[in-house]
Amino acid sequence: MSGLALSNVTKEFGAFTAVNNIDITVPHGTFVCLLGPSGCGKTTLLRMIAGLDLPTSGAIKLDGDDITRVPTHKRNLGMVFQSLALFPHLTVGENIAYPLRIRGVAKEEQKKRVDELLAMIHLSGYADRPVSKLSGGQRQRVAIARALSISPKLFLLDEPLSALDAKLREAMQVELRQLQQKLGITTIVVTHDQREAMTMADTVVVMSKGEIRQAASPIEIYRRPADTFVADFIGSTNLLDAEAKGGAVTVLGQPVSGISLGSAAKATLSVRPEDVHLTAPGNGALSGTVTFVRDLGGTIETFVDVAGRQIVAVSTPRARPDVTVGQPVGITLLPDVCVVLAK
Amino acid sequence: MRREPPQRLVDYAPIAFPAIMLTVFFVIPFATMIAVSFFQRQQGGFYIPAFQLANYERFLSLFFANVLGFSLMLAIVVAICCVLLALPFTYLLARMSRKAQVVWLVALLSVLSLSEVIIGFAWSTLFSRTAGITNLLVMMGVMSEAKALLPSFGAVLTGMVYQAFPYTVLVLYPAIVRLDPTLTEAARTLGASPLKAFFTVVVPALRNTITATLIMVFIFALGSYLLPQLLGRPQHWTLSVLITDQAVYQSNMPFAAAMAVFLVLVTLGLVALTAFVGRKGEAA
Ligand SMILES: Nc1ncnc2c1ncn2[C@@H]1O[C@H](COP(=O)(O)OP(=O)(O)O)[C@@H](O)[C@H]1O
Ligand SMILES: [Mg+2]
Chain A
1 MSGLALSNVT KEFGAFTAVN NIDITVPHGT FVCLLGPSGC GKTTLLRMIA
51 GLDLPTSGAI KLDGDDITRV PTHKRNLGMV FQSLALFPHL TVGENIAYPL
101 RIRGVAKEEQ KKRVDELLAM IHLSGYADRP VSKLSGGQRQ RVAIARALSI
151 SPKLFLLDEP LSALDAKLRE AMQVELRQLQ QKLGITTIVV THDQREAMTM
201 ADTVVVMSKG EIRQAASPIE IYRRPADTFV ADFIGSTNLL DAEAKGGAVT
251 VLGQPVSGIS LGSAAKATLS VRPEDVHLTA PGNGALSGTV TFVRDLGGTI
301 ETFVDVAGRQ IVAVSTPRAR PDVTVGQPVG ITLLPDVCVV LAK
Chain B
1 MRREPPQRLV DYAPIAFPAI MLTVFFVIPF ATMIAVSFFQ RQQGGFYIPA
51 FQLANYERFL SLFFANVLGF SLMLAIVVAI CCVLLALPFT YLLARMSRKA
101 QVVWLVALLS VLSLSEVIIG FAWSTLFSRT AGITNLLVMM GVMSEAKALL
151 PSFGAVLTGM VYQAFPYTVL VLYPAIVRLD PTLTEAARTL GASPLKAFFT
201 VVVPALRNTI TATLIMVFIF ALGSYLLPQL LGRPQHWTLS VLITDQAVYQ
251 SNMPFAAAMA VFLVLVTLGL VALTAFVGRK GEAA
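Order-wise, the sequence lines are chains A and B. Going by the numbering used here, 246 is the number at position 246 of the first sequence; the sequence numbering is gapless. Going by the numbering used here, 55 is the number at position 55 of the second sequence; the sequence numbering is gapless.
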C-alpha cells in the first residue's frame, strides 16, 4: 500500500506510556491532523514517524517499506517544528537550499528550486535576507518551503501555526491546505486547535492520554462523535444525562419520546448548540428557564437552565428566539441530532 | 526599561567602585610598567628614571623575534587544539543528564584549582622514562621499551592544552547549552547525518562564541611560563619565560618591562585583527 502505516506503535518513557498501541493508516496524498489536548502524546507520535524517537514497540511502514529503525536523515521527510528551527546563521535562500546542499545538488539547480519555492510562498526576492529580519508569518512560510524543497515523501508539521496571531493563523490554515492539495503530498499535522483540524484535514485523529479516541473525516467527527471526550473536545456541545426505565426514556429527569438508548440503561446525549431549538413552554421535550442571552451579532447564544443543568442554544439573528431572562421556555430535541454515547 | 543618560556627577556614583579598582589594580601597574620600560638599568639590579629606547632596541634582535614568533605560534596551536577538543566534548556534555553534567563540571573545576606547578610536575612524571605512561604501553606490549617523552614540544603542548581545556569548556558551555536542540533535529529531518548536522549547523551557529573562545585561550596560553620550562627544551621557551628570567634572575626590570609591553601590544593587535575579520565574516 502506498502511504504511511503505523501498527501497534507504543512509546514508553520509563514507567510512563506516552503513546499507547496506536494504529493509523495515512493513504498517499491525504492530509491527517493529530488532534488532542496538550500532553496527550501527539508530538511524541510525530517524532517517531520522523525517526527522532524510537518506538518502544510497533512498526512504521512507508510505501510498504518498514522504516521503524531507518535513521531520520535517510527518510526523505520534510518537517516543520513548533519553534520553526530556522538556521539563524543562514539567509532565507540558504535555509531553503539546505536540504539540497546536503544532498549535493548543483548550485544552479539549488538556485532555481529556491526561486520556485520563494514564488510559491509569495516571498520572491527575499532570498538574501537574514531570517531574523522576517515577521512571524514570513518565517512560517520559509520553514514550510525549506521542508518542501526536496519534494519529500512525507510532510510533518508540529503545531506549525501556534505562534501566529488568530487572523494570520486562519489565513495560513487555508493556504497550507491549498498548498497540500496542489502538491498532493502526504501530510501529518499536529494541533490542539479543533478549528485548525477541521479546516485542513481529510482525516482527524482525536487523541487523549496516548490513545486514539476516534479517527474519521472532520464532519463525521463533528456529527457522529465516538464518545463524550470527542464530542466535548470538538466544537462545543451539550452533554445530557439520559436514563431508560421500562421502555420510557428520560432526559435530565424529564420524559422524552422518540429517543432510544439501545440496550443501555444509562447514557449521555450529545446535542450541538445549533441543534437545540427553543419553543413555547410546555411545547418541547424539556422545559426550563432562560438564564442569560449572549448576543454576539452574528450568532445568539441562549442559556437555559433545565433541572440545574445549563443547556446552550445557538441561533442566527434571523431565527432570533423571542425570549428574555427569567422566562420559561420549552426545548425541542429532534432524535436525529441527538447522539447517544455510552456513559 | 528606559534608561536616561547620566545628568549630574552623582549619577556616575555606581561606577565609582569598579573605576577605582580598575585604576588601582590595572591602570597604575600597567602605566608603571610602561614607564619602567623606558628607564635605564643600573648594575646591581636597580634602575633610574630616564627616557631611552635601548630596551626596545635590544629586543629587536633575531633571537627575540624568534622567541616571540614561537610564543605566538604555541599559543595559537594550544588555542586551536583546545577548541577542537572542547567543542565536541562540550556539545556531548550539554546533552547528558543533569547529574552527569554536574559530575563532569566539578571534575573540570577541580583541574582549574591545580596550579601550573603541579600540572607541570604531574606531566613531567607521566612523560618520564622511569614512571611514565610508556611503562604502561610496555606492559600492554605495545612498546618494546620505556622511554622519556620529554623534554619535547609535544610535552609542552600536552601540558598547556591540559591546563587550558577546563577554561575552554566553561567558556563554550553556556552558549552550547543555550543553542536550540531542535536546530540539529531539523537538520537531521532535512537529510543531514548527525555528524554533518554538527558541522553545518552547530559549528556555524556558534561561530562568534568559537572566535571569542579562541582569543581567550590564546591569551591564556601566552601567559604560561612554567610549563615550557618544566616540559620543554630551551628552544621551547616562550617570551613569558624570558620576561620572568630577566625580571627575576637577571634583575633587569626595564628590559623585562619592555618585553612585556611589546607582548601586550602584539597580543592586542592580533585580537583586534581576529575581531575585525570576524565582523567582516558576519557582514558577508
Ligand atoms: N523525553 C521525554 N521523557 C519523558 N517524558 C516525556 C518525554 N517527551 C514527552 N514526554 C511526556 O509524554 C507526554 C506526551 O508528550 P507530547 O508528545 O509532547 O505531548 P503533546 O505534543 O500532545 O502535547 C507528556 O506527558 C510528556 O511529559
Ligand atoms: Mg506537542
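These are calculated hints, taken from the structure and not from any lab test. Treat each hint with caution, since some may be false.
[Said to hold, decoys possible] Among chain A residues calculated to face chain B with C-beta under 10 Å, some are: (1) Gly51; (2) Leu52; (3) Thr56; (4) Ser57; (5) Ser83; (6) Leu84; (7) Arg101.
[Said to hold, decoys possible] Taking lysine-lysine and the DSS-like style, the derived pairs with C-alpha atoms no more than 30 Å apart in a straight line are: (8) B:Lys196 with A:Lys153; (9) B:Lys196 with A:Lys112; (10) B:Lys147 with A:Lys107; (11) A:Lys153 with A:Lys111; (12) B:Lys196 with A:Lys61; (13) A:Lys133 with B:Lys147; (14) A:Lys107 with A:Lys74; (15) A:Lys266 with A:Lys209; (16) A:Lys209 with A:Lys182; (17) B:Lys196 with A:Lys111; (18) A:Lys74 with A:Lys112; (19) B:Lys196 with A:Lys74.
We treat Cβ as the ideally placed atom computed from N, Cα and C, and that holds for glycine.
Checked hints:
1. Gly51: With a minimum Cβ separation of about 8 Å from chain B (threshold 10 Å), the hint on Gly51 of chain A holds.
2. Leu52: This hint holds: Leu52 of chain A lies near chain B, its Cβ roughly 6 Å from the closest one there, short of 10 Å.
3. Thr56: This interface hint is violated because 19 Å lies over the 10 Å limit.
4. Ser57: violated (23 Å)
5. Ser83: holds (5 Å)
6. Leu84: Cβ of Leu84 of chain A sits 8 Å from chain B, so the hint holds.
7. Arg101: holds (8 Å)
8. B:Lys196 with A:Lys153: Status holds; Cα separation ~22 Å.
9. B:Lys196 with A:Lys112: holds (24 Å)
10. B:Lys147 with A:Lys107: violated (54 Å)
11. A:Lys153 with A:Lys111: Between Lys153 of chain A and Lys111 of chain A the Cα gap is close to 22 Å, so the pair holds against 30 Å.
12. B:Lys196 with A:Lys61: At roughly 26 Å apart (the allowed maximum being 30 Å), Lys61 of chain A and Lys196 of chain B satisfy the hint.
13. A:Lys133 with B:Lys147: Answer violated: Lys133 of chain A to Lys147 of chain B is near 61 Å, above 30 Å.
14. A:Lys107 with A:Lys74: holds (22 Å)
15. A:Lys266 with A:Lys209: holds (25 Å)
16. A:Lys209 with A:Lys182: Distance of about 34 Å is beyond 30 Å: violated.
17. B:Lys196 with A:Lys111: holds (22 Å)
18. A:Lys74 with A:Lys112: holds (24 Å)
19. B:Lys196 with A:Lys74: holds (13 Å)
When the structure is compared with the earlier hints, violations turn up for hints 3, 4, 10, 13 and 16 and for no others.
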